[in-house]
Amino acid sequence: MRDLSDIEHAGSARWFRRGPWENAAMAVIGFGILMMTQPFSLDLYTYSFATILSGTLGFVVVSHFPQ
Amino acid sequence: MTVTNPARSLAEAAARRGSARFAARAGLSDRAVAWLFILPTMLLLLAINIFPLIWAIRLSFTSLMANLPTPARFVGLDNYVDILTDEDIWANFRVTAHFVFWTIALQILIGLGLALLINQKFRGHSFWTTIILLPMMLSPAVVGNFWTLLFQPQIGPFNYVIGFFTGVAPSSFSMIGSVVLAPWTIVLVNTWMWTPYVMLICLAGLRSIPDYIYEAAEVDRASPLRQFWSITLPMVLPFLMLAVLFQAIQSFVMFDMVNLLTSGGPGSTTETVSITLKRAAFEKWQTGYASALAVILFVTIFGAANVYVRALNWVKQQ
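Protein chains in written order, with my numbering: chain U, 252 to 318; chain P, 4 to 321.
If you're looking for bench data, these hints aren't it; they were derived computationally from the structure.
Note that the structure is predicted; figures quoted are calculated from it, not measured.
Some hints could be false.
Simulated coverage check for chain P against chain U, where a stretch passes if three residues somewhere in it have a Cβ under 8 Å from a Cβ of chain U [what the hints assert, rightly or not]: (1) 176 to 186; (2) 297 to 307.
Below, simulated SDA-like cross-link-like pairs (lysine to any residue); rule was C-alpha separation at most 25 Å, straight line [unchecked claim]: (3) Lys281(P) x Trp272(U); (4) Lys319(P) x Arg269(U); (5) Lys319(P) x Leu184(P); (6) Lys319(P) x Phe300(U); (7) Lys281(P) x His315(U); (8) Lys281(P) x Lys124(P); (9) Lys319(P) x Thr288(U); (10) Lys281(P) x Gln318(U); (11) Lys319(P) x Ala278(U); (12) Lys124(P) x Trp105(P); (13) Lys281(P) x Met286(U); (14) Lys319(P) x Ser314(U); (15) Lys281(P) x Val312(U); (16) Lys319(P) x Thr297(U); (17) Lys287(P) x Phe300(U); (18) Lys319(P) x Phe316(U); (19) Lys319(P) x Ala301(U); (20) Lys319(P) x Pro271(U); (21) Lys319(P) x Gly270(U); (22) Lys281(P) x Tyr298(U); (23) Lys319(P) x Met286(U); (24) Lys281(P) x Arg269(U); (25) Lys319(P) x Tyr298(U).
Idealized CB from N, CA, C, for every residue including glycine.
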């Protein structure tokens, strides 16, 4: 019979899977690089580094999540 | 049956006993002895890689000017705000992106094509491989200087070749001096220099494909084009992606060749971020500002490399 800690663990394991989070972090980094090199808006360029940095830090964190 | 060399086994056992005796005498565990051996390398890496990085991050929050004796003043995120609201730096990032994109695209196309050609068994293919690899062996400083000479409108042969094929007067245009042509000049020279490297990586990929796969495809009457799309390309793709990763990083921080070829000119049409960084650090002596730009470049490359390595793993799994 599953106890409460097993259910909690299963819940956290469902939410903190590496794959989708890594994909999300990669999308943020890719979008940040696009923002940095696009020729249309200075505002997008201004926030590009913050976007890349958050994506990169996020990637480093989520790559330690279980598979 | 396993054949062992008795003398070697005895020597290994003696060495093991010796190190165990040394460790026991010094009161060290096996793990501690292992750390003792790794420590010098780790200290060296910390000294030449990690320490300068941390120091640059620290300097990026200051207004330090290395040519002045005044102490560094903490300015918080001011350097970052200055860089990220400067339209000129934004333009430099666009120039860098143009350079990286076209360099990579051309290098991959030409490099893969050359690798496919060299992979064919023909007379003298080793000789041609060596000839193709020559540009890669030259120093970027040498390449920058001799291409500057080749691009001279009056005496450079490049304009004469273009003039011969197009009918345009050779001295009527300047590759390095033209606002339109100069960005393509640095793409051309970088492609000329580094395509052999991409070819070499692709060749390694092509040579790793077993012949029996092609034999099986021929039994199934697959056309050469079909074999290329279904066998060659998927199996070379991880190698290609590795080449793209190396070349993208190398092109993103390319400095020496561009500096010698155009120095970022005319105007700032070929001013890549590395050139801007060098000017800020060693011409304007804005050390703190240059450090902030270096940190931005580092984080961008680190983030892109993370994405790329993940994509590479995914391709290898497929």
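- Item | Hints breached by this structure | 1, 3, 5, 6, 7, 8, 9, 10, 12, 15, 16, 19, 23, 24 and 25
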